[in-house]
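Could you put the whole structure together from the sequences, leaning on the hints where they help?
Sequence lines, in order, name chains A and B. Per my numbering, the first sequence runs over residues 1089 to 1466. Per my numbering, the second sequence runs over residues 64 to 418.
It is worth saying that the hints were derived from the structure and are not from the lab. Some hints could be false.
[Stated by the list, open to error] For lysine to any residue, the following SDA-like pairs were computed, each having C-alpha atoms within a straight-line distance of at most 20 Å:
| id | chain 1 | residue 1 | chain 2 | residue 2 |
| --- | --- | --- | --- | --- |
| 1 | A | K1387 | A | L1240 |
| 2 | A | K1090 | B | G343 |
| 3 | A | K1197 | B | S218 |
| 4 | A | K1214 | A | G1249 |
| 5 | A | K1090 | B | V331 |
| 6 | A | K1421 | A | G1375 |
| 7 | A | K1459 | B | A390 |
| 8 | A | K1459 | B | G401 |
| 9 | B | K189 | B | V214 |
| 10 | A | K1090 | B | L332 |
| 11 | A | K1090 | A | A1346 |
Values in this document were obtained by computation on a predicted structure and should not be read as measured data.
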Amino acid sequence: MKYIDEYRDGELAQRIAERIRDEVRPERQYRFMEFCGGHTHAISRYGVSDLLPANVRMIHGPGCPVCVLPIGRIDLAVKLALEDGAILCSYGDTLRVPASGGLSLLRAKAQGADIRMIYSPSDALKIAEANPEREVVFLAIGFETTTPPTALVIRDAAARGLKNFSVLCCHVLTPAAIEHILAAPGQDPAAVELDGFVGPAHVSIIIGSEPYAEFARRYRKPVVIAGFEPLDVIQAILMLVRQVNDGRAEVENEFVRAVGRNGNSAAQTLMDEIFELRESFQWRGLGEVPFSALRIRAKFAAFDAEKRFDLHYRAVADNKACECGPILRGQKKPTDCRLFGSVCTPENPMGSCMVSNEGACAAHYAYGRYKDIEVVAV
Amino acid sequence: MTGRSPVKRGYVRPLNFRDGVVDMGHGAGGRASAQLIEELFVAAFDNPWLRQGNDGAAFSPELKPGERMVMATDAHVVSPLFFPGGDIGSLSVHGTLNDVAMGGARPLYLSASFIIEEGFALADLKRIVESMGRASRDAGVPIITGDTKVVERGSGDGVFISTTGIGIIPNGVETGGHRARPGDAILVSGSIGEHGVAIMSKREGLTFETEILSDSAALHGLVAQMLAVAPGLRVLRDPTRGGLATTLNEIAGQSGVGMLLDEAAIPVLPQVEAACELLGLDPLYIANEGKLIAICAEEDAQPLLDCMRLNPLGEHAVRIGTVLEDAHGFVQMQTRFGGRRVVDWLSGEQLPRIC
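This is the structure:
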C-alpha cells in the first residue's frame, strides 16, 4: 500500500539495524522509553526489538490512553449508563477496561446498559440528535491527539443548542506525564534510569516539538519524536544512540513529514477555548499527577457530564498483585507480574496494561510471549 | 395445499411480495405457513423431496467400502442481511457446504430452517430465498427439507437462517485439524479478509466506501480437485470467524505443533489492507467465507498449489508457512520488517484501536 509499505521496508530496516549495531558502545546500556502505546504496538507487531543489539532495551511507557485511565473514571461512566440510563458512547478499547465490581462498559452492556462504540466523537453527536429524549454522554479519553475532536463536538453541540449531550472528560497531557516520570527517580530508588525517549507521534502533530525542549534540557535526556511506523521507530532509536554517544540531550524530530516545531495552532486554540487545566488528575499507575489533565471550562458547563450529573470521582485501588503501576513507569516488565498470563490475560484483563493492544502487557502477551519460553526446533 | 376451501374453491390470494410483510400466521403451521412454503420455498428450491411436502426427506446414499458420511451445521445471523458480494441466503448455503467440504467430503444434501421476525418484508425474504436457491443450484446440492418459524417483532433481527449439510468422505481421506505434522507446508487458497471488511463497510456507524466484495463461495469443487492430486492432504479448514490467525491456532492446538508464517507471503488485497489500516484492524483476524487453509506434506505442496491455481477459487493460492515442532503450540510469524512475533488467538471481538 502506497505511503505505508515504504515505512515497513524490511531491507531498509536491516540497514538501519546494522548501523545501530556498529555505533552502540558494547560497554554501556541504552535504555530508551517509547512513551506512546502506538510505538509499543509497532515494536511488538513488527518485531523491532529482534533487530536491536542486546544492550539496547526498549521500555514501554505510559502513553496508552486506556491504560492510564483509573478504575474510578470507568466507574463514573458505568454509573451513567446503568443508573442514569444515559446512552454512553466511547472508543472501542475503552469498553473493555475493567471497572469496580467485575464490571466494564462491555459487561454493563450485557446487563442492559446502552453502550455504543464509536469511531468519531461526531458520531456521539449524531446519536444525541437522533435520540432527543435520551441523555447521551461521550466518555472522552486520550492524549492531545484525541482532544481537539472532543473540543470540536462540544463547540458544535453548543452552537446547535443540544440539550441532551455531554462529555465525561478524561483527556490527559503528555508533557506532564513525561516530566512526572523523569522527576520520579530522585524520590523513588526503584525507578529505572532512562537514557532517552522516543517522543510521541500524533500528540506532537498537535503540540509540536517545542514542549519537550524544556525537560530535555533540564533532565539532560534526549528526545526523538518518531512516527508510528516501524522504520520511524528504528530510525529514532539510531538517532537516540547517536545523541547518547555524543553526550547530547536535544529534541530531534524524525517525524518531519507531520510534526513541526509549534504544532497545529488551530487545534491548540480550539482546545484552549473549551478546556482548562485540572490542578491534579489520578493516572492509573502513576498516581496523582499535577496539571496533567483537562476539564471543560465553566462556559461550557452544560456539556460537562461531571457537572450535569453531579458526579464525584472516587479513587479505587488496583488489584494488590497487579504491577501495572511499575510497568507503566518502566520499572518492571510484564513478565515480572505474578498475574501476567495466568489470572490476567486479554480475555480477562485484571490490569489496564492488558486491555488495549497498545498496553505493554497485552502487546507482550499477544506478540512476544513465546520469547519467555524455550521453543524447540525453530 | 392450495385450494382446499369448500367455500371459495380454488381461491387463495397470492402472497404480496411487493410490500407485504411476514406476520405471526406465517409461522403458525396453518394455511398461511403452507402458502409461504409453497409459493416461496418450494418455488425457489424446487426439487422432488420438497415437492412431496413431507416433514422429512428420505434418501438412500450409496456408500462404497471405506467411505464415511459427514454432517455439519451452521447458524447464520449476519448483519446487514445484504452486503457487497452476497447476502444471508447465499452465505447460509456456502457456509455449511464449506464445513462439509472441509471434512474432505462431497456434499449431498442441505436442510434449511428460518427464524423470521414478524414484520419482515416479504420482498426481502424472497430475495434471500431466491439467492439461496441459486447458490444451492450452482453448487449442485439441493435443499431437501426445512422449517420456518416466526418470532414476535423485537425477538429477532430480520431473519436468522440455520443450515445443515451432509456429504460423503471418500475412502482414505482424513482432513481433521489434529493431523498437522512438523515439516508440513501451510497453504492458503487466496487473499484474506474480504468477507469481514465487506460486512464492516456496511455496518451502522461505520459505513465507508469500498469496492471490496465478500469472497463468499462454495469450495467443495476445489476440495475435490485438491484431493484428486493429494489424497493424503492432512488438514483442511476454512478460516471464517476469527480469521486465518485463529484458525491456525486451533489447528496448532489440535495437532500439538507450532507454526511459522511468512508475513510477506500472506495475500491481502490492497483495499482490504487500507480498510484495516484505517480501522485499526488486522486482516489476519478478519473472517473469510470462500477461502481454505490446507496443510500437507512438503512433497504435496507444489502439486497442490499448481492444481488449486487452475480453479478460479484457488487462483491466488500460495504457501504461507511451515509446521514446526513446538509443544507450546505457538503460531509465530516472520514479519516483513525482519522481526518475529506470535500470531495469537483472537481475543474477544476485534475492537479497533483508538489512536
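Hint check:
1. K1387(A) with L1240(A): OK: K1387(A) and L1240(A) at ~15 Å, within 20 Å.
2. K1090(A) with G343(B): Holds, because 17 Å separates the two Cα atoms, which is no more than 20 Å.
3. K1197(A) with S218(B): holds (18 Å)
4. K1214(A) with G1249(A): holds (13 Å)
5. K1090(A) with V331(B): holds (14 Å)
6. K1421(A) with G1375(A): holds (19 Å)
7. K1459(A) with A390(B): holds (14 Å)
8. K1459(A) with G401(B): holds (16 Å)
9. K189(B) with V214(B): Judged against 20 Å, a Cα distance of about 18 Å means the pair holds.
10. K1090(A) with L332(B): Holds, because 13 Å separates the two Cα atoms, which is no more than 20 Å.
11. K1090(A) with A1346(A): Holds - the C-alpha atoms of A1346(A) and K1090(A) are around 17 Å apart, at most 20 Å.
Hint check: no violations occur; every hint is consistent with the structure.
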